[in-house]
Amino acid sequence: MKQPLIEVRDLRFRYDDGAAALNGVSFRLEAGETVALLGPNGSGKTTFVLHLNGLLTGEGSIEVCGLPLDRRNVAAIRRKIGLVFQDSESQLFMPTVLEDAAFAPLQRGLSRHDALDRAMAALKTVGMEAAAARAPYHLSAGEKKRVAIAGILASDPEILALDEPTTFLDPPGQRDLAELLSALPQAKIVVTHNIPFAQALCSRAVFFQSGVIAAEGAVDEIVSRFGWDFALDRSRSRG
Amino acid sequence: MARRAQRGFDDAKVPLLGVMGAFVFAAQMINFPVGIGTTGHLVGGALLAYTLGPSAAVVTMSAILAIQALVFQDGGILALGPNTINMAVLGVLAAYLPYHLWGSGRSRRLAIFAGGTLSVLVSAALALAELLISGVRISNPVLGVSLALFAASAVLEGAITVAVIEALEKIQPGFVRKPREGRSFALGAAGLAALLLATVGVLFASTSPDGIQRLGEQTGIASHARALLATPLAGYQAAFVHAGWPGKALAGVAGLTLIFGACLLIGRAIARRRSA
Amino acid sequence: MHHLVLERWSRGATFLHRRDPRAKIVALLVFLASLATAQRALSELAAALFLLLLGALLWARIPVWAALARAAIVLPFTLVFAVGCWISGDPARGAALAVKSYLSALAVIAMAATTPLPALLRGLELMRAPLFLLNVAQFLYRYLFVISEEAQHMGKAAASRGASVGGLGTGGRRFRAAAGALAVLFARSYGRAQEIHRAMLARGFTGRLQTLTPLRFRAADAAFLAAASLAPALVRIAIERIA
Chain X
6 MKQPLIEVRD LRFRYDDGAA ALNGVSFRLE AGETVALLGP NGSGKTTFVL
56 HLNGLLTGEG SIEVCGLPLD RRNVAAIRRK IGLVFQDSES QLFMPTVLED
106 AAFAPLQRGL SRHDALDRAM AALKTVGMEA AAARAPYHLS AGEKKRVAIA
156 GILASDPEIL ALDEPTTFLD PPGQRDLAEL LSALPQAKIV VTHNIPFAQA
206 LCSRAVFFQS GVIAAEGAVD EIVSRFGWDF ALDRSRSRG
Chain Y
43 MARRAQRGFD DAKVPLLGVM GAFVFAAQMI NFPVGIGTTG HLVGGALLAY
93 TLGPSAAVVT MSAILAIQAL VFQDGGILAL GPNTINMAVL GVLAAYLPYH
143 LWGSGRSRRL AIFAGGTLSV LVSAALALAE LLISGVRISN PVLGVSLALF
193 AASAVLEGAI TVAVIEALEK IQPGFVRKPR EGRSFALGAA GLAALLLATV
243 GVLFASTSPD GIQRLGEQTG IASHARALLA TPLAGYQAAF VHAGWPGKAL
293 AGVAGLTLIF GACLLIGRAI ARRRSA
Chain B
3 MHHLVLERWS RGATFLHRRD PRAKIVALLV FLASLATAQR ALSELAAALF
53 LLLLGALLWA RIPVWAALAR AAIVLPFTLV FAVGCWISGD PARGAALAVK
103 SYLSALAVIA MAATTPLPAL LRGLELMRAP LFLLNVAQFL YRYLFVISEE
153 AQHMGKAAAS RGASVGGLGT GGRRFRAAAG ALAVLFARSY GRAQEIHRAM
203 LARGFTGRLQ TLTPLRFRAA DAAFLAAASL APALVRIAIE RIA
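Those protein sequence lines, which keep their order, are chains X, Y and B. Numbering of the first sequence is given in the numbering used here, commencing with residue 6 and proceeding in unit increments. Numbering of the second sequence is given in the numbering used here, commencing with residue 43 and proceeding in unit increments. Numbering of the third sequence is given in the numbering used here, commencing with residue 3 and proceeding in unit increments.
Pulled out of the complex, with its shape left as it was, chain X reads as follows:
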């Protein structure tokens, strides 16, 4: 059996004030999959994702691309899995688009020339190479999101994890993002409340509830099981 890209076993995490955030989460991600993380606010979805690259540390075991997540491997793991945060404004912290895309390669130790090449290649992949010299502040929400993704792609990751990526995006923007993501070969984890988006993109869904995964399955299955959509007339006719 092929090794999973991510293997999480019994992850537990408590906040400083003692509140339990994760109560034993086990999870697998296989190559090529796109998995939706659904669930109510505060159920632990984002907290879970922050553990995958070591930004938060809990109890239990996490393996990314065969590497156990510990202090020795965290730098390598952060290249393998790229996080796209909900607020692109905080993610694009460099003065220009190109400098931001080149941040990760430069930090890794690549020469300026190689870092620039990687950055431009990543920007081309997301269709933002023309904006290379622009300041992030002036971009639209959709453009910012694409540049944020480019910043992650510049490290050549195997996994993308996106936290509520369609927040701030209008419907055409959401469509463009879905198209872009489906064209990328990496395995993906998408935390989202946007069901049409999840249905368009994801092969599988897991449902978080009170810090555990309550169920897994096809997106439609999970949605109808938990009533996790907005269709008012459908629920009325269901009676």
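All clues given are correct.
Under the rule of at most 20 Å between Cα atoms (straight-line distance), these lysine to any residue pairs were calculated in the SDA-like manner:
1. K158(B) to P75(Y)
2. K129(X) to S160(X)
3. K158(B) to I72(Y)
4. K212(Y) to A189(B)
5. K158(B) to Q70(Y)
6. K220(Y) to A189(B)
7. K158(B) to T81(Y)
8. K212(Y) to D22(X)
9. K212(Y) to A179(B)
Just so you know, the hints here were simulated from the structure itself, not pulled from any lab data.
Go by the hints and put chains Y and B onto chain X.
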């Protein structure tokens, strides 16, 4: 990677200081009503000192002043030039010292108010002194009005700082630093006394315009400094040493060097400490 | 929207725009020094230096009237002291103060309008300005407008709840409300700073910021530096000799 770790630098504080600098910038636009139709504004040196610590506050204030001068061509900054060391370094110090001395006792609120007041008062007094030394003659009535305005701004800064600190503590007490105690009390007290004496001395001397001139003459600075400080932005002679002007060049560069030196040392100190 | 205008101007591609920022910084310093230390024949010198700046602005295709107007931002501050001098019986000094500060502001604008801020900071870095301070300034500029916008939104929200309504009696309450608003903005900014740090860590931040902007000092830069440094100095010497 290992080489970089060995150098021991930690720029992790940079985003914090940058963003909080942006915050102060934005905060300086918020109106504080002070009576019939007038509004006051925060300067921010004291607030930064009590939340980020004095050394971080110095760097942040310097960055704010640099951006104000370079991007917004702020009239006040450009006019004072390297003398903005007043606001960035001395203003923050003047704010922090009362807090350092009395910030953990019952007079905490008063200490914070005093800090805010002093920061503006010290900056304004020194700026005034420099203008007077440079020979700008200001008649007593105009001087009186200026001093009254300084005093009013200073008190306002104190009041705003207290109000904001108290509001901050309600949101999250951790935002406001605890003043450090111990042996440094004596040093702090001495520093504060020196600062107060200098400020008061300048203010008194300034009421007789000749006083500052005489002071300058006695210390020998005047003949060099007068020509140099005679105008705004005096002192930028870094790359240009003309025969016969080395003294002026030296005096002028001193201001710039001081502020840069302060920021350099503080930057290194902050950067070398690994974040907890 | 001052900064937006300046940013637009600074993205030009004229000869002056393309010069190394270090050359421009040094040229600016020389100009300011020549102006600042001048005592005699001020009106002639001021006119000559004004023409120099005007020429630079035209060459760099900066909108002249807009630049001249922007430099006038300095005046409210210095005019106060100029008037003070005038009242004290030394109008010449007051006039000198006003003229010098205006020309200095105009010179700074000429440089800022031909040099994008990142390049300017990089030039300062290579001239040994404290890197920590420059990095802080870089982040400050990046988030300046983000936070200002947040502050504006908070102000609008408060206003729509009737916060701006009130007479003399509510002064104290409004004061405390403003302080509360500042505290909230502080907390939001602090939170954003933590988000940024987290994003940096997620992308492999090693603890040391790297610079990307390459600067190469070319022959054209050396020529510009020589010319721009000599011009104000020579002008000054010539005028003082003639006058």
